[in-house]
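Participant: For reference, the chains in residue letters:
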Amino acid sequence: MQAKRVTFGGTALPLALLAPQLAVTVVFFVWPAVQAVITSFQREDAFGLKTEFVGLENFRDLWADPLYLESFGTTMIFSAAVAVSALVVGLLLAVLVDRVSRGAEIYSALLIWPYAVAPALAAILWAFLLNPSIGPLTRLLRVLGIAWNYNVDGTQALILIVFASAWKQVSYNFLFFLAGLQSIPRSLLEAASIDAAGPWRQFRTIVFPLLAPTTFFLIVVNVVYAFFDTFGVVHATTGGGPGQSTTLLVYKVWKDGFIGLNLGSSSAQSVVLLVIVIALTAVQFRFLERRINY
Amino acid sequence: MVGGRLGSRLLVHAILIVGIAVMLTPIWLAFVVSTRPGSDFMTGDFPLWPGPDFVKNYRTALIDGQPGAGLQPVGHMLWNSLVMALVIAAGKIAISFISAFAIAWFRFPFRVAAFWIIFITLMLPVEVRILPTFAVTASLGLLNSYAGLTIPIIASATATFLFRQVFMTIPDELTEAARIDGAGPLRFLVDMVVPLSRTNVAALFIILFIYGWNQYLWPLLVTTEPGYETVVMGIQRLAQSASEGSPYWHLVMTTAILAMLPPIAIVLSMRKLFVRGLVETEK
Amino acid sequence: MGSVTLSNLRKVYAGGQEAVRGVSFDVADGTFCVLVGPSGCGKSTLLRMIAGLETVSSGTVAIDGRTVNDVEPADRDIAMVFQNYALYPHMRVRDNLAYGLRNRKTPKPEIETRVAEAARILGLGEMLDRYPRQLSGGQRQRVAMGRAIVRKPQVFLFDEPLSNLDAKLRVQMRVEIKRLQRSLGVTAVYVTHDQVEAMTLSDQLVVMSAGRVEQVGTAIEIYRRPMTRFVATFIGSPPMNILAGTVEPGGIVALPEGGRVTVPAAAALAPGTPVEVGIRPEEATRRAADGASLRMRVDFAEELGATRLLHGKLGGQDFIVQTQLLDQAADGDAIGLSVEPSAVHLFDPGTGHRID
Chain A
1 MQAKRVTFGG TALPLALLAP QLAVTVVFFV WPAVQAVITS FQREDAFGLK
51 TEFVGLENFR DLWADPLYLE SFGTTMIFSA AVAVSALVVG LLLAVLVDRV
101 SRGAEIYSAL LIWPYAVAPA LAAILWAFLL NPSIGPLTRL LRVLGIAWNY
151 NVDGTQALIL IVFASAWKQV SYNFLFFLAG LQSIPRSLLE AASIDAAGPW
201 RQFRTIVFPL LAPTTFFLIV VNVVYAFFDT FGVVHATTGG GPGQSTTLLV
251 YKVWKDGFIG LNLGSSSAQS VVLLVIVIAL TAVQFRFLER RINY
Chain B
295 MVGGRLGSRL LVHAILIVGI AVMLTPIWLA FVVSTRPGSD FMTGDFPLWP
345 GPDFVKNYRT ALIDGQPGAG LQPVGHMLWN SLVMALVIAA GKIAISFISA
395 FAIAWFRFPF RVAAFWIIFI TLMLPVEVRI LPTFAVTASL GLLNSYAGLT
445 IPIIASATAT FLFRQVFMTI PDELTEAARI DGAGPLRFLV DMVVPLSRTN
495 VAALFIILFI YGWNQYLWPL LVTTEPGYET VVMGIQRLAQ SASEGSPYWH
545 LVMTTAILAM LPPIAIVLSM RKLFVRGLVE TEK
Chain C
578 MGSVTLSNLR KVYAGGQEAV RGVSFDVADG TFCVLVGPSG CGKSTLLRMI
628 AGLETVSSGT VAIDGRTVND VEPADRDIAM VFQNYALYPH MRVRDNLAYG
678 LRNRKTPKPE IETRVAEAAR ILGLGEMLDR YPRQLSGGQR QRVAMGRAIV
728 RKPQVFLFDE PLSNLDAKLR VQMRVEIKRL QRSLGVTAVY VTHDQVEAMT
778 LSDQLVVMSA GRVEQVGTAI EIYRRPMTRF VATFIGSPPM NILAGTVEPG
828 GIVALPEGGR VTVPAAAALA PGTPVEVGIR PEEATRRAAD GASLRMRVDF
878 AEELGATRLL HGKLGGQDFI VQTQLLDQAA DGDAIGLSVE PSAVHLFDPG
928 TGHRID
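Protein chains in written order, with the numbering used here: chain A, 1 to 294; chain B, 295 to 577; chain C, 578 to 933.
Hints may be right or wrong, so weigh each one.
Label pairs and their computed distance ranges (CB to CB) [as the list claims (entries may be wrong)]:
1. A:154 with C:666: 56 to 64 Å
2. A:195 with B:493: 37 to 45 Å
3. B:520 with A:57: 37 to 45 Å
4. A:279 with C:744: 54 to 62 Å
5. B:304 with A:141: 37 to 45 Å
6. B:342 with C:708: 34 to 42 Å
Only part of the chain C face toward chain B is listed, based on derived beta-carbon distances under 7 Å [said to hold, decoys possible]:
7. 630
8. 632
9. 650
10. 651
11. 657
12. 659
13. 663
14. 667
15. 676
16. 677
17. 680
18. 681
No lab work stands behind these hints, which were simulated from the structure alone.
We put the CB at the ideal spot given by N, CA and C, even for glycine.
Let the hints inform the model, and build the full structure from the sequences given.
Facilitator: Here it is in structure tokens:
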């Protein structure tokens with residue numbers, strides 16, 4: 001973190017300028033995180049009168065808890081599904097918009113709408129479309145002979161939240177892929193045309209490799225999004241059900257803490273999430289460093 | 295590659311139009327529903343075009359509410375969302391701007407430590423420290439207040455690093471010229487750095503406004519009384535009752551349209567700036 | 578009023594790198610002083626120390642007799658023109674000029690008068706309401722000078738102000754700068770790596786190398802009597818030829834592969850002493866090859882219009898001769914040369930110092 005070559009003197013002024021940021025960070029970020037870690041090693045007795053240090057027991061309990069493991073598995077499947085579908089559709093749309101000479105502006109203007117929609121709102125829209133009794137898509141599915149009721153069928157509930165979550169992320173991926181495609185020099189594609197590479201071959205051998213940095217970056221961003229920004233999707237629609245089928249980790253940590261009031265377990269879950277964010281951030285930064293060398 | 299045969303060009307356009315139709319269907323149908331009486335789509339064919347109740351539904355949702363069904367008017371929720379989004383966007387920008395200024399243009403003790411403390415926020419979303427953050431906020435008496443909705447999430451490492459990056463591109467000679475012209479650090483900040491970063495500030499403002507408007511978990515935690523609910527989280531209770539069978543889907547969708555309107559309007563009216571902001575914040 | 582006095586000035590960077598290694602000289606009031614030297618010689622650092630943009634490691638900077646080591650740049654009564662002009666991109670030309678005065682709380686009418694005055698002197702009248710990005714390179718250069726003029730400083734500092742201009746404009750602006758400085762009668766310290774700029778602009782020339790001053794004097798003094806081999810080869814274009822040789826009795830220096838040069842100063846040296854002989858390309862005169870004391874084989878000729886440069890080998894060493902347009906020497910010719918003894922410079926090969 002270098003400073004400018006030309007700097008001003010003094011210590012009091014820069015510290016004063018940093019004070020608001022540091023105060024908020026310490027009070028609302030660092031301190032609570034430390035608390036979460038400490039609490040994850042403690043357990044309250046039944047009446048909430050005494051807390052005692054229990055070491056790793058909360059974590060051991062998590063590992064032994066089939067519901068937690070199931071939630072973990074659900075989150076993995078959910079994240080993979082969201083990331084893959086949002087990336088594939090986003091890339092497809094970007095490639096197509098990049099190919100048209102007329103109307104590209106209008107197409108991209110229409111495709112970025114969903115980005116502005118909050119995840120929870122997106123979930124409500126999709127929950128309506130797929131409402132078991134009156135949803136228009138439900139009726140369509142019924143015509144196709146598919147019985148759709150996400151209130152009963154766990155897989156269908158998971159599909160619902162995948163759709164709702166991926167939908168708005170498509171816009172995001174589209175924008176980044178399009179920017180990536182447009183930064184590929186035309187001369188490269190012209191050279192490939194002269195080398196008689198067909199469109200698909202051009203894409204596979206030239207365009208896609210050049211998009212690799214963008215793709216990798218988007219994978220990380222999409223996974224982070226699927227892990228941490230989807231609380232609203234679950235909370236506003238399925239409430240984690242039916243059964244446990246859509247209880248994502250971020251939903252479970254909230255539910256066990258605020259509804260179940262199980263502080264030790266909720267904190268242990270927080271710490272697990274913390275480890276996941278740190279890992280993802282590390283991956284992102286390793287990648288950032290590489291991108292600088294490009 | 296550019297151009298191509300007419301047939302393949304038409305195919306590309308066709309796929310795009312279908313794709314866009316699918317992407318926009320949820321929003322379109324929500325709008326359709328928001329313009330019709332609640333009974334219109336309970337039975338029979340689902341309507342695909344707007345109906346006659348546009349004014350009635352939006353009036354009901356915004357001003358009158360549906361007291362019999364326990365539906366409050368959402369006007370105040372929209373107001374809360376607006377306040378929250380504006381304060382978060384402006385606050386994050388202000389706080390990060392001066393932090394980045396300090397980190398870029400000063401060498402002072404604890405500079406590296408300060409940098410790391412700010413950096414850490416990247417790794418601590420609300421979700422990983424949910425209970426203790428709530429506890430701190432509660433103990434400071436910030437529940438059910440605008441301060442509680444905004445201040446605890448107003449720190450921003452992303453904005454700080456973005457501004458620092460912008461500042462690093464300001465030539466050193468400009469700082470030296472300003473020094474010779476008698477400008478101290480604060481005058482330099484106001485007279486040079488702020489005007490030179492205007493576009494970046496505007497782009498970031500759009501992104502952060504949307505971020506603030508779309509907050510869900512944090513307002514859910516901090517508001518235990520209806521007075522401070524934001525529309526994005528408040529709509530969830532409406533939807534809950536509607537999906538349990540009450541005939542108010544048209545009001546839910548009306549509210550949903552109202553809730554997504556401000557961010558969509560901002561993105562569309564300032565698209566270039568928005569895309570720039572989006573790409574910059576992720577660098 | 579605006580004299581500059583540097584005493585034993587040093588600049589050591591945090592990493593231990595010594596950019597300026599003890600520099601002392603005076604610039605009298607109203608003098609146009611040019612600091613010249615190759616890149617990395619410390620000339621810019623020196624200028625920035627005068628401006629107050631770099632701290633002083635040891636020694637003193639005094640402006641008008643007042644030591645200013647710890648005085649803020651804004652309070653040193655100096656103005657600076659930067660290489661890239663450093664115009665404030667978001668301000669109109671008018672505000673660029675007025676900014677420093679406003680910060681000094683100069684009364685408004687006074688600011689307007691001064692801005693108008695500077696605009697008149699520099700011909701910026703029509704550009705006052707434009708932004709820097711709407712100006713050409715030469716116009717920006719003028720605005721940068723205008724920003725200095727409005728301040729009415731005791732000393733003008735220039736940091737390679739012409740290096741971003743194309744060759745033609747550079748010559749034109751060089752003349753303008755000189756004229757301006759004359760008419761304002763203000764002291765100027767000007768940094769450049771271009772020795773033509775240095776020669777033409779300076780009343781006082783300071784040649785620097787590796788953080789030290791090699792020589793201070795007028796351009797002509799330095800050209801005529803370079804005190805070191807470095808100065809001899811740095812000032813003058815094409816550069817002075819340097820030939821290694823050995824002293825013989827009677828003020829003669831013998832070159833390794835034949836050829837003798839008469840140098841009065843060599844008479845005082847013991848025969849056999851190794852020396853270096855300096856001859857400017859324009860001081861070597863063509864002679865018939867037969868019986869000439871110096872003979873050179875021409876490798877190739879460069880046509881410069883008014884003159885020609887003949888490149889070749891003399892006594893086994895590279896040599897350049899500047900001759901007239903009518904000279905007929907062709908590639909491969911052997912030519913004879915003669916040099917006035919008074920035009921030959923003698924240097925100690927060990928220290929590089931001049932021997933008189």
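Participant: Could you work out which earlier hints the structure fails to respect and list their numbers in ascending sequence?
Facilitator: 5, 6, 8
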